[in-house]
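Protein chains in written order, with the working numbering: chain A, 1 to 331; chain B, 1001 to 1503.
Source of the hints: derived by calculation from the structure; they are not laboratory data.
Hints may be right or wrong, so weigh each one.
[Claimed, not checked] These stretches of chain A come out as covered by chain B in the derived footprint (C-beta under 8 Å, 3 or more residues):
no.: 1; stretch: 187-200
no.: 2; stretch: 204-212
no.: 3; stretch: 217-228
Model, not experiment: these values are computed from the prediction.
By construction, the Cβ of each residue, glycine as well, lies at the ideal position given by its N, Cα and C atoms.
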Amino acid sequence: MILRDRAIRYGFIVLLFGLIAYFAIAADGFVSPQSAVFIFQSVAITGVLALGVTATLVVGGFDLSIGSVATSAMMAAAYVMVVLEQNAVVAVVACLVIGAVVGLINGWLIVYMRVPDLLATLGMMFLLVGLQRIPTEGRSIATGMTMPDGSVANGSFGAAFLALGRHRFDFFIPNLIPVSVVVLLVLAVLIWFFLEYTRFGRMMYAVGSNERAAELAGAPVKAYKIWAYVISGVFASIGGILLAARLGRGDIASGNNLLLDAVAAALIGYAVLGAAKPNAFGTAVGAVFVGVLLQGLTMMNAPYYTQDFVKGVVLVVALVFTFALSGRGRR
Amino acid sequence: MGNDAVFRVDGLRKSFGHIEVLGGVSLELHAGEVTVLMGANGAGKSTLVKIISGVYDHGGGSMSLVGQDFAPKTPAEAICAGVVTVHQNINDGVVADLDVATNLTLDRLSGSGVPTLFNPGRVRREAKAVADRMGLAIDLKARISDLSLADRQMVAIARAMAHRPKVLILDEPTSSLSSAEADRLFALLDRLRQQGVAILYISHRMSDIRRLADRIISMRDGVISGIFDRKPLDYEGAVNAMLGRKIQLERIVARNSAKSIFIADGLRIAEGARPISLTLGDGEVVAITGLVGVGKTALAETLFGLRQPLSGTMVLNGKPYAPASTGEAIAAGVFLVAKDRGENGIVGDFNIQENISLPFHRRMSRLGVLKRRIERAIARQQIQELGIVCRSEKDEMSSLSGGNQQKVMVARWISQTARLFILDEPFQGVDISARRDIAAKLRASASGRATLLFVTELDEALETADRILVMSEQTIVGEHRNTDVDLERLLAEVAGGPLHSAA
Chain A
1 MILRDRAIRY GFIVLLFGLI AYFAIAADGF VSPQSAVFIF QSVAITGVLA
51 LGVTATLVVG GFDLSIGSVA TSAMMAAAYV MVVLEQNAVV AVVACLVIGA
101 VVGLINGWLI VYMRVPDLLA TLGMMFLLVG LQRIPTEGRS IATGMTMPDG
151 SVANGSFGAA FLALGRHRFD FFIPNLIPVS VVVLLVLAVL IWFFLEYTRF
201 GRMMYAVGSN ERAAELAGAP VKAYKIWAYV ISGVFASIGG ILLAARLGRG
251 DIASGNNLLL DAVAAALIGY AVLGAAKPNA FGTAVGAVFV GVLLQGLTMM
301 NAPYYTQDFV KGVVLVVALV FTFALSGRGR R
Chain B
1001 MGNDAVFRVD GLRKSFGHIE VLGGVSLELH AGEVTVLMGA NGAGKSTLVK
1051 IISGVYDHGG GSMSLVGQDF APKTPAEAIC AGVVTVHQNI NDGVVADLDV
1101 ATNLTLDRLS GSGVPTLFNP GRVRREAKAV ADRMGLAIDL KARISDLSLA
1151 DRQMVAIARA MAHRPKVLIL DEPTSSLSSA EADRLFALLD RLRQQGVAIL
1201 YISHRMSDIR RLADRIISMR DGVISGIFDR KPLDYEGAVN AMLGRKIQLE
1251 RIVARNSAKS IFIADGLRIA EGARPISLTL GDGEVVAITG LVGVGKTALA
1301 ETLFGLRQPL SGTMVLNGKP YAPASTGEAI AAGVFLVAKD RGENGIVGDF
1351 NIQENISLPF HRRMSRLGVL KRRIERAIAR QQIQELGIVC RSEKDEMSSL
1401 SGGNQQKVMV ARWISQTARL FILDEPFQGV DISARRDIAA KLRASASGRA
1451 TLLFVTELDE ALETADRILV MSEQTIVGEH RNTDVDLERL LAEVAGGPLH
1501 SAA
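Start from the sequences, fold in the hints, and give me the full structure.
Next comes the structure, spelled out in structure tokens:
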């Protein structure tokens, strides 16, 4: 029994370190600061999205619209700067507002219109995928593009905005850590602290576990649920800002994998330390886990098309850890 | 009598694990008679019904139908043999998205010898035949989801009757019906009684029972505690057999209260109910008792801000009190330990400590950050004071016994100072020693607040309260100081006698 408890608790962490050890031996140059940073950078955007969706999982909901919120934010940022010729601050604010508004609408649909969470956010996902293409009639946004009315968009991505994607902070080695990784780490710590140590986070867990009990304990359950979707929307829009800054254009075709990767990271997080529930630390570890795996496989020359398969295997294993072994899934 | 029994149960036993739910139940049902089965929660009524209707196997004893051995292994077998059950939850009996005609013939859609193709014309013909026989005046093309609860129930019963059963079992059929709707159901049951069906009718509503019963059987703790078949029926006797004192308990010293804390005036909690007025004093423990469904939970929820009264005012600490939400009630110092802890109380993902602190996070945190040291200290103190049996405050709730879980629910609220402390069925699924512990703690800590308990079992009221109020038909009909209680009068009030004959 004790062995089993240990396996549930530390199994996934052990697996992560085992994986790192294996790649360290098998793949040249895997153990280096640059490689580590690359792993973090590759998962920064999905990680941010995953942290946001964790908030909705905590209240017993789900947010399928995060991927499209991120790409909408990316398109909005490009539109604001390239077409409307505004500066970086306006672009960032516009993105955050979009995220918050979408979150509010999701929450309103789910709480007041009683649309089931999966369906409400699925609908919102479709809506946004379409909406983000309307202003440019389906074209990607870049400096010098021709607008539908024949004019030419002359604005450009501000240097400050691009820095969000390209600047690297010095950390022992000059120009080591990209902004996106710093954003990921800061948001991870913030949401972790919020969920684990504040009374709001605690009550969100209570709402997710027994909504009726939370209400009878005096909690404004509806408000908590709506806030969870707002958090999710804002985090997704931050992911979109990072994406826009990395690409330097509003690419209509990018961000396809964001939703599934983020959800996978959050669900893998259930298995970390035997939590068997959504948690910010687990989500972060889950994101890194996927990053390590992909980086290692890439360095060992595994073909790119095996990536999704590997991610799927990891997710299924993690879910078995969570539900079958810990036995909590039965409740 | 006895020889003309259509259905006979003899020495039926059933255990779950090592808990015996039925300890040898024997009863008879006669053709053309309505037999009412009464019993408090946990008396074993539902288990009995489930065995008769083929949902559970029985552990011992025998059943016979028209002299033949009857031991259904599945609900379908029971129905085929002629024993039909209409369960408590109306919507379990009908399919909401289909029309009335399909619902009336639902059980003919599967089984052997049924055509593969769905023929709407044939379904409608069959449905019409069923409806006509029952005198059912409902549009056959209407969707069930557009019908009232009463109409849905009529459909469920009509379908059940299409098999021409010999025995019909109804499990609390009126619990969600209005009185006008119930009247229609009774008319239908009268018709069935004339057709010679033996009916077993399970209910807590005294008005139903007075209207329908030819015989009453009381159940208590898994055995038959009384059979009443001599007219006029002894309703008080039946209630006494179901709820009355089992054992002479040690008397409590009833206290009087000088200072009132909570006053309700002219509170109406249901359409057509008489207003409720009550005053609760400082240091007083008051129990409100009454059968299931008389409005105890509705009153508790009204006091706690979960529902709004139709009229009337409340005063707490001399100030008007009209909570719009549970949060407002708690802020005013009104706490509720809700009934059904599994559903309304326990947060399954939280350990004992986190369950105890749940409503009072704000008081245990600074700048929104929870102070876990305080949280833990409070939990440890409560575990000790209430004698919660556990390894530590970090234990999972699921590892605790029912009594200890309930203690955690009480601890959750008693850890902070209340002005009005309400407990709805706090002894449900709680063993006797935990019940004593909780009652003792409530009495010991009673000063400085008013304590209000809602209990169905009279014993629970008698061993905890200073004052006992009786509820019937959504209002308070009697009051007793808990010293030399006139049990006869109390039971009569529970049975709703005087009030009912006056109405």
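Q.
Please check whether the stretch 187-200 of chain A has three or more residues whose CB lies within less than 8 Å of a CB on chain B.
A. The restraint on the stretch 187-200 of chain A holds, since 4 of its residues have a Cβ under 8 Å from chain B and three suffice.
Q | Within 8 Å of chain B's CB atoms, at least three CB atoms from the stretch 217-228 of chain A: coverage verdict | A | Per the Cβ count (4), the hint holds.
**Q.** Proximity test - 8 Å, beta-carbon atoms, the stretch 204-212 of chain A to chain B, at least three hits
**A.** Coverage by chain B holds here, the residue count being 6 at a Cβ distance below 8 Å.
Of the hints listed earlier, there is not a single one the structure fails to meet.
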